[in-house]
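Novice: One-letter residues, chain by chain:
There are 2 protein chains.
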Amino acid sequence: MTIATERQITLEDFIKLPETKPASEFINGEILQKPMPQGEHSRLQIKFCTNINQVAETPKIAYAFPELRCTFGGSTIVPDIAVFRWERIPKTESGRIANRFEIHPDWVIEILSPEQPQKKVLTKLLHCSRYGTELGWLLNPEEESVLAVFPGQKIEIYEGDDKLPILENINLELTAKEIFGWLSFGS
Amino acid sequence: MTIATERQITLEDFIKLPETKPASEFINGEILQKPMPQGEHSRLQIKFCTNINQVAETPKIAYAFPELRCTFGGSTIVPDIAVFRWERIPKTESGRIANRFEIHPDWVIEILSPEQPQKKVLTKLLHCSRYGTELGWLLNPEEESVLAVFPGQKIEIYEGDDKLPILENINLELTAKEIFGWLSFGS
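Protein sequences, first through last, are from chains P and C.
Sequential numbering of the first sequence, starting at 1, is according to my numbering.
Sequential numbering of the second sequence, starting at 1, is according to my numbering.
In short, the hints are calculated from the structure, not lab data.
Copies of one chain are not kept apart here, so a pair can be met inside one copy or by any two copies together.
Derived DSS-like pairs: lysine-lysine, alpha-carbon spacing no greater than 27 Å straight-line:
#1 K177 with K154
#2 K119 with K177
#3 K47 with K60
Here chain P stands alone, though its shape is the one from the complex (with noise of 0.2 Å):
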């Protein structure tokens, strides 16, 4: 998942170089490639979104956005799920929204995908977490469980029928055993 680099590159070189598929990260001046989406990551993802912006998009609350780069801090990401609220949305002179998003999420949300090191993931949330994102949510589908990570780095475990933290203002009830349970689909 890493790619070895010998000499130190920059967050302004990286950001030249072309994008891959599955997306890039640069995090802590290492570069690292996301894997490759599979299965139950893109069936969490986009119910994901679907659910958070049936909710959410309406009322002008937040919006939920799969796969999208977001620069900040020093570092540069690619957030399976990057929910924003309404307002903190980038957008340019004539009100669409920004192509380049500068800014932390407010709630993140990563699918641990199965070989993936689950530190690569929690240094991610983490960085988010030290630069404003309010929520970040570790998706661990072989355990079926949650870790969520609160301000001031704190972390928290859900599974089963624990009732899941959401974004404030965020009218949606989750537990980890519903959202595992999107994985199974009935015959």
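On the provided structure of chain P, position chain C as indicated by the hints.
Specialist: Quick look at chain C alone, frame taken from chain P:
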């Protein structure tokens, strides 16, 4: 790793059960048996205890115990390594070490075993943090990372040459690299 328990058992019930090998723990109402320790686990466990006790025993600062049952906060756990500040080590009236430790350790070190769910070990470390443990370490030999838990359940990730946080007043300096270097035996 989880032993299915249909009926709810209490801490009092659990304590009366015979000890198992590996030890069983009772956390948040759930009985969990520790994984069978293997090479890496065994090596790290003894290395840590030796290193800590070498600097902390003679000046009566602290003592590191492997596999010691600690019962507090409605749970009973057996950390891989439990470090107690000298003055907090429970003693009998005659000044001998007590057999039952009914207090939280000051520093808890857990070594993740292959296949062991990280959430279970983190839940244990967070339980300790909530009840007063100053420092928790979760060593991940596969990822060569250390997740540290500070008061208020605040976490940080350490790897490579990062200097690891040590329980205050213990005169020890260690990096993640040094610790996982202990796993290599020179020929």
